[in-house]
Amino acid sequence: MKTWIAFWNILKKDMQNYYLKAPNISWGLIFPLAWTLMFFIRSEQAVDINEILPGVMAMSILFGTTSMLAVTITFERKGRSFDRLLLAPVSLNIMVLAKTSGAILFGIINAFIPIILSSFVINFSKVNWLIVLLGVLLIAVTSTLLGLLIATSAKEVFEAQTFSNFFRFPMLFLCGLFIPINDLPVILQPFSYILPLTYGTDLLNGALLNAGLMNIWVDIAALVGFTALLFILSLSNINKKWIL
Amino acid sequence: MNILEVINLSKKYDNFAAVKDVAFSVGEGEIFGFLGPNGAGKTTTINMIIGLARPTSGSITLAGIDCVRNTKSAQRVMGIVPDESNLYDDMNGFENLCFCASLYGMEKMQREKKARELLLEFDLEKAGNRPFKAYSKGMKRKLTIAAGIIHEPKMLFMDEPTTGIDVESAKQIRELVTGLKQRGTTVFLTTHYIEDAQRLCDRIAFIVNGQIVKIAPVNELLESSQAARHIVHFALNGSAAAFDDELKKHFPNYNFEEQDGICVCYAHQPFSILPLVNFFEEKGLSVYEAKSIHPSLEDVFVKITGIEAKKLANEKEGGRK
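Keeping their order, the protein sequence lines are chains R and W.
By the count of the numbering used here, the first sequence reaches residue 338 at its end, each step adding exactly one.
By the count of the numbering used here, the second sequence reaches residue 316 at its end, each step adding exactly one.
Calculated directly from the structure, the hints in this document are not laboratory data.
C-beta atoms are modelled at their ideal positions from N, C-alpha and C, and glycine is treated no differently.
Mixed in with the good hints there might be a few duds.
Only pairs whose alpha carbons sit at most 20 Å apart, straight line, appear in this in silico SDA-like list of lysine to any residue [said to hold, decoys possible]:
1) W:K298 to W:P212
2) R:K106 to W:D85
3) R:K249 to W:A48
4) W:K149 to W:G123
5) R:K96 to W:V72
6) W:K67 to R:N331
7) R:K334 to W:Y8
8) W:K15 to W:N3
9) W:K103 to W:G123
10) R:K172 to W:K132
11) W:K103 to R:F101
12) R:K172 to W:N81
The calculated label-pair distances, taken between Cβ atoms and stated as ranges, are [stated by the list, open to error]:
13) R:L323 to W:E79: 33 to 39 Å
14) R:R174 to W:E112: 24 to 30 Å
15) R:K249 to W:E190: 34 to 40 Å
16) W:G179 to R:R174: 26 to 32 Å
17) R:R174 to W:S131: 17 to 23 Å
18) R:P264 to W:K128: 35 to 41 Å
Here chain R is said to cover these stretches of chain W; the calculated rule only asks that three of the stretch's residues, wherever they fall, bring their Cβ under 8 Å from a Cβ of chain R [unchecked claim]:
19) 45 to 58
20) 80 to 86
21) 94 to 106
Construct the entire structure; sequences and hints are all you get.
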């Protein structure tokens, strides 16, 4: 069977039905703008957009991917249209990849909105774009898989939202997005290193500001490891909870 | 030749046995009915066949494919029409059909051609451009059936195809099911409507408390019931209740009941109605009509399961609209 036909059509369907809807596109624009504005308004001294850019990018990806995937899957599960995918002769791995690809693309697009907006005031000539792209991709993948793990644990849309926030808000403070990890209380610092977003943000900090805490390969290895772990956990959850 | 073979299939959830040693086979091209009350194990059995549940023990073979070990291969040759129309609300009828076809690897031109053909066949061509959410319940159900057969499966599983829809749509769906049989598709049908099963199915399995209590061709079930019970309705110009004792004395092998002004006589042997007509005439009761009643599948169902068929239909939705 031509699996790629199923893969492409699941992805296309999700993009058309969810990600490319006007409210989601506007949300992808408004969200990073609102956060950047908040920094300008709340800060007592002048804000260096360059410094907050990696954090705003990571946060945009995190919120975009986890919200969308967790909600759309829970929504499809509730309306039972998700059963169509489970009953299609497409392997569970391919189906999960197709479902997550839409959210990953949405996350990547979300990440580049702050870059496009800030390109008017920042000189990006010394940026290593390959590492930025890799960082954005890996943050999008890990965040999407986190959304999938949440979706496989929630029965209702509101549960998915609550679970998402349970993970997301601590990550805003613990992963070095706006507060450097070294400035956190010592007792909290170990928690930072068990969260994938820490490594993604560090990768972006290194590529955009040349201010990475860890070696680039450590960041990449950690993110690849988290990707594999979250993928396996999500598949195991689907197998256990959805195929009884 | 059998297309589906289910052998000693069981499913346990913790200590609860939902399905116990179920075994049956479905012949190629037949419409096989699967009947039982809520909680009898119908859905669990179907879920195990289609790959939404894993059997605790037993085997399932569909078109020569082991459904438990090669679930995805088996899913290629089956079509599924769930009890709820579960297509995508924001996509139109045509897009929904094309999407479902794509899940089976059909090329764009092939799936668009097939989708157009099905919209025409299912009398939905004018609604093809409308979003699914704007469809009536009957139209939704028809499109869901079309989505289930777009890849031309060898066997179609239909769960409650006529539940919750109007009489006209139900009639159209019954015709579609008959049409499927004529084109050689095997249909596995579950329904709460005994009359649908009687009209459509070649054979029926009754499942109660996770066990199959009877499997037989519909004709055989009806004949056995007919042989076991002979019923005649007498429409009289008065009540026969006053002559109850005399009726019992003259016709000791018969039973009598008064139902909605009709005297119902039944016996386990065939009987002549003439002595009864004479008896009523002698008592001054005119017999307007004497009608021999053939037991329906509903009677068979009640006899086998001990469950009133009306209760069965109401379990699902409070009767057809």
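Going down the list of hints, with the structure as the test:
1. Between K298 of chain W and P212 of chain W, the direct Cα distance comes to roughly 16 Å. Compliance with the 20 Å bound is thereby established for this hinted pair.
2. For the proposed pair K106 of chain R and D85 of chain W, the alpha carbon gap of about 13 Å is at most 20 Å, so the pair holds.
3. Distance check on the hinted pair: K249 of chain R and A48 of chain W sit about 18 Å apart at the alpha-carbon level, within 20 Å; holds.
4. In summary, the hint linking K149 of chain W to G123 of chain W is not supported, as the alpha carbons are separated by about 26 Å, beyond the 20 Å threshold.
5. With a C-alpha separation of about 15 Å, the suggested pair K96 of chain R and V72 of chain W falls inside the 20 Å cut-off, and the hint holds.
6. For a cut-off of 20 Å, the pair hint linking K67 of chain W to N331 of chain R stands: about 19 Å separates their Cα positions.
7. As the CA atoms of K334 of chain R and Y8 of chain W are separated by approximately 13 Å, the hinted pair is consistent with the 20 Å bound.
8. A threshold of 20 Å between alpha carbons decides the hint, and for K15 of chain W with N3 of chain W the separation of about 8 Å falls inside it, so the pair holds.
9. At roughly 17 Å between alpha-carbon atoms, K103 of chain W and G123 of chain W fall within 20 Å of each other, so this suggested pair holds.
10. This hinted pair checks out: K172 of chain R and K132 of chain W have alpha carbons roughly 18 Å apart, not beyond 20 Å.
11. Between the alpha carbons of K103 of chain W and F101 of chain R the distance comes to roughly 14 Å, so the proposed pair stays at or under 20 Å and holds.
12. This hinted pair checks out: K172 of chain R and N81 of chain W have alpha carbons roughly 10 Å apart, not beyond 20 Å.
13. One distance hint, 33 to 39 Å for the beta-carbon pair L323 of chain R and E79 of chain W, holds here, with the actual separation near 35 Å.
14. Hint check: R174 of chain R to E112 of chain W, Cβ distance near 26 Å, so the stated range 24 to 30 Å holds.
15. The hinted range of 34 to 40 Å is satisfied by K249 of chain R and E190 of chain W, whose Cβ atoms lie roughly 36 Å apart.
16. Between G179 of chain W and R174 of chain R the beta carbons are some 29 Å apart, a value that agrees with the proposed interval 26 to 32 Å.
17. Between R174 of chain R and S131 of chain W the Cβ separation comes to about 19 Å, which falls inside the hinted range of 17 to 23 Å.
18. Taking the beta carbon of each, P264 of chain R and K128 of chain W are about 38 Å apart, inside 35 to 41 Å as hinted.
19. Against chain R, the region 45 to 58 of chain W contributes 5 residues with a C-beta closer than 8 Å to a partner C-beta. That satisfies the three-residue criterion, and the hint holds.
20. Coverage of the region 80 to 86 of chain W by chain R holds [criterion: at least 3 residues with CB-CB distance below 8 Å; count 6].
21. Look at the region 94 to 106 of chain W against chain R: 8 of its residues bring a Cβ nearer than 8 Å to a Cβ of that chain, three or more, so the hint holds.
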